[in-house]
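Undergrad: In the numbering used here, the protein residues as written are 294 to 717.
Just so you know, not all the hints are guaranteed correct.
[What the hints assert, rightly or not] Here are the computed lysine-lysine pairs in the DSS-like style, where the Cα-Cα straight-line distance is at most 30 Å:
{"#": "1", "residue 1": "Lys347", "residue 2": "Lys426"}
{"#": "2", "residue 1": "Lys626", "residue 2": "Lys574"}
{"#": "3", "residue 1": "Lys594", "residue 2": "Lys574"}
{"#": "4", "residue 1": "Lys426", "residue 2": "Lys626"}
[Said to hold, decoys possible] Distance ranges between label pairs, derived from CB positions:
{"#": "5", "residue 1": "Arg716", "residue 2": "Thr353", "range": "20 to 26 Å"}
{"#": "6", "residue 1": "Asp637", "residue 2": "Gly572", "range": "24 to 30 Å"}
{"#": "7", "residue 1": "Ala601", "residue 2": "Arg547", "range": "21 to 27 Å"}
{"#": "8", "residue 1": "Arg547", "residue 2": "Gly583", "range": "18 to 24 Å"}
{"#": "9", "residue 1": "Asp335", "residue 2": "Arg547", "range": "46 to 52 Å"}
Note that these hints are calculated values from the structure, not bench results.
Where a beta carbon is used, it is the ideal one built from N, C-alpha and C, also for glycine.
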Amino acid sequence: MTATTDHTTLDPSTVAPAGGPGSAESSAASPGFDGPSPRPSDDDPAFALHRGGKIGIGLTAPLNNREDLSLAYTPGVARVCVAIAETPALADEYTWRANTVAVVTDGTAVLGLGDIGPAAALPVMEGKAALFKHFGGVDAVPICLDCTDTEEIVDTIARLAPGFGGINLEDISAPRCFAIESMLQDRIDIPVFHDDQHGTAIVALAALENAARLTGRELSDLRAVVSGAGAAGVAVTRILLAAGIGDIAVGDSRGMIYAGRDGLTPVKAALAAETNKAGLKGSINEALAGADVYLGLSAGKVPEDVVATMAPEAIIFAMANPDPEIDPEVAHKYARIVATGRSDYPNQINNVLAFPGVFRGALDVRASRVTEGMKLAAARALADVVADELSEDNIIPSVFDKRVAPAVSSAVAEAARADGVARR
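Please work from the sequences and hints to get the whole structure.
TA: Written out as structure tokens, the structure reads:
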């Protein structure tokens with residue numbers, strides 16, 4: 294799923310590293326799988342835990358006798374069906390829909406494993422469903438699609454949508470993920486959220502706001518360089534633009550993205566029109582000279598001598614996982630604040646800080662979509678959780694901080710109402 298960037302074989306600098314930033318399932322413990330394939334064995338705790346799957350279906354109503362059965366199923370259920378047929382919105386009150394999300398993948402960009410197919414992606418989707426339930430109280434159903442065509446995926450999800458209150462897209466490779474999200478949201482009136490993009494963006498913005506605050510600056514004071522123009526790189530860039538970043542430039546495997554560069558995809562051309570005020574045309578390493586912020590959302594490595602050229606009080610978010618673009622020990626030599634995607638270092642940029650609360654808030658108010666205002670509200674609420682506890686090693690809450698989901702969900706619900714997409 295990586296709750297983060299996409300991992301494809303198209304462009305190594307526009308995709309997620311192994312595990313990807315913000316993946317709650319990925320951590321420094323990820324084995325990599327460069328060697329022999331792992332052999333199933335219950336002596337391996339990971340295989341033992343996964344035997345039979347990690348989630349199941351439970352009952353919310355008793356089925357102990359004939360009366361229970363007559364209410365839960367026929368004939369009692371017919372009265373509820375007729376009422377919903379007459380007033381479709383009643384499905385949110387009298388079915389599981391209002392608290393249930395579909396977690397949908399095609400298996401093309403799973404963790405750091407790439408295109409491993411829908412069946413192999415299922416353990417990750419189960420894991421995501423478990424995180425939804427544990428951290429947000431949201432029921433989630435893993436759906437792994439055996440197709441990769443953009444229009445087929447959109448059609449399939451749209452046909453499934455009546456049974457769900459929201460759609461969480463997972464581990465779909467770029468650039469299809471952008472079109473799928475946009476096309477699907479235009480067709481259905483429930484939230485569509487590609488977590489690899491927007492979950493990463495929300496958490497990165499929250500962390501950067503607190504890093505700026507800790508160093509006595511505003512976002513508008515900062516010049517940032519983003520490494521990677523895949524799903525997360527694009528989303529992080531866009532949310533930082535919306536939040537008022539001073540200047541931000543994005544690089545891919547060919548160097549910095551700028552207006553007029555040959556061979557830009559439509560997504561990158563749009564970025565070029567909105568970013569890189571300085572008109573930087575060299576490599577990412579050259580662009581880092583004097584930069585205040587580095588945001589790593591790719592597999593590219595940054596040499597120590599390049600890190601040394603960044604501005605004083607630099608902020609480095611090296612989110613490739615398990616191997617950050619900049620070694621944290623090196624980063625700490627030159628930067629005031631360092632964050633990674635790993636769980637064994639402080640300041641983990643982890644998507645589980647965002648998506649449970651975002652969906653909880655959206656579902657609570659029956660939102661028709663997730664707006665930019667809702668994403669910004671989620672980031673600010675997340676940042677505020679630790680605003681009075683800031684230190685170089687504490688710019689973002691722990692995933693186990695029980696304040697996170699309620700704070701995010703409340704802010705998202707309020708923003709949904711303000712943006713006119715709440716239906717209750």
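Undergrad: Quick one: are arginine 547 and glycine 583 within 18 to 24 Å, going by C-beta?
TA: holds (22 Å)
Undergrad: For the pair we were handed, lysine 594 and lysine 574, check the Cα-Cα distance against 30 Å.
TA: holds (19 Å)
Undergrad: Are the Cα positions of lysine 347 and lysine 426 separated by 30 Å at most?
TA: holds (12 Å)
Undergrad: I want to verify a distance hint. Is the separation of the beta carbons of alanine 601 and arginine 547 within 21 to 27 Å?
TA: holds (24 Å)
Undergrad: Quick one: are aspartate 335 and arginine 547 within 46 to 52 Å, going by C-beta?
TA: Holds, since aspartate 335 and arginine 547 (Cβ atoms, about 47 Å apart) stay within the stated range.
Undergrad: Determine whether the Cβ-Cβ distance between aspartate 637 and glycine 572 falls within the hinted range of 24 to 30 Å.
TA: With Cβ atoms ~39 Å apart, the hint is violated.
Undergrad: Checking one constraint from the list: CA of lysine 426 to CA of lysine 626, max 30 Å. Satisfied?
TA: Violated: lysine 426 and lysine 626 sit about 40 Å apart, past 30 Å.
Undergrad: Quick one, are lysine 626 and lysine 574 close enough, alpha carbons at most 30 Å?
TA: With Cα atoms ~28 Å apart, lysine 626 and lysine 574 stay inside 30 Å; holds.
Undergrad: Can the suggested window of 20 to 26 Å be confirmed for the beta-carbon pair arginine 716 and threonine 353?
TA: Holds: the Cβ-Cβ distance is about 23 Å, inside 20 to 26 Å.
In the structure shown, a violation is registered for the earlier hints numbered 4, 6, in ascending order.
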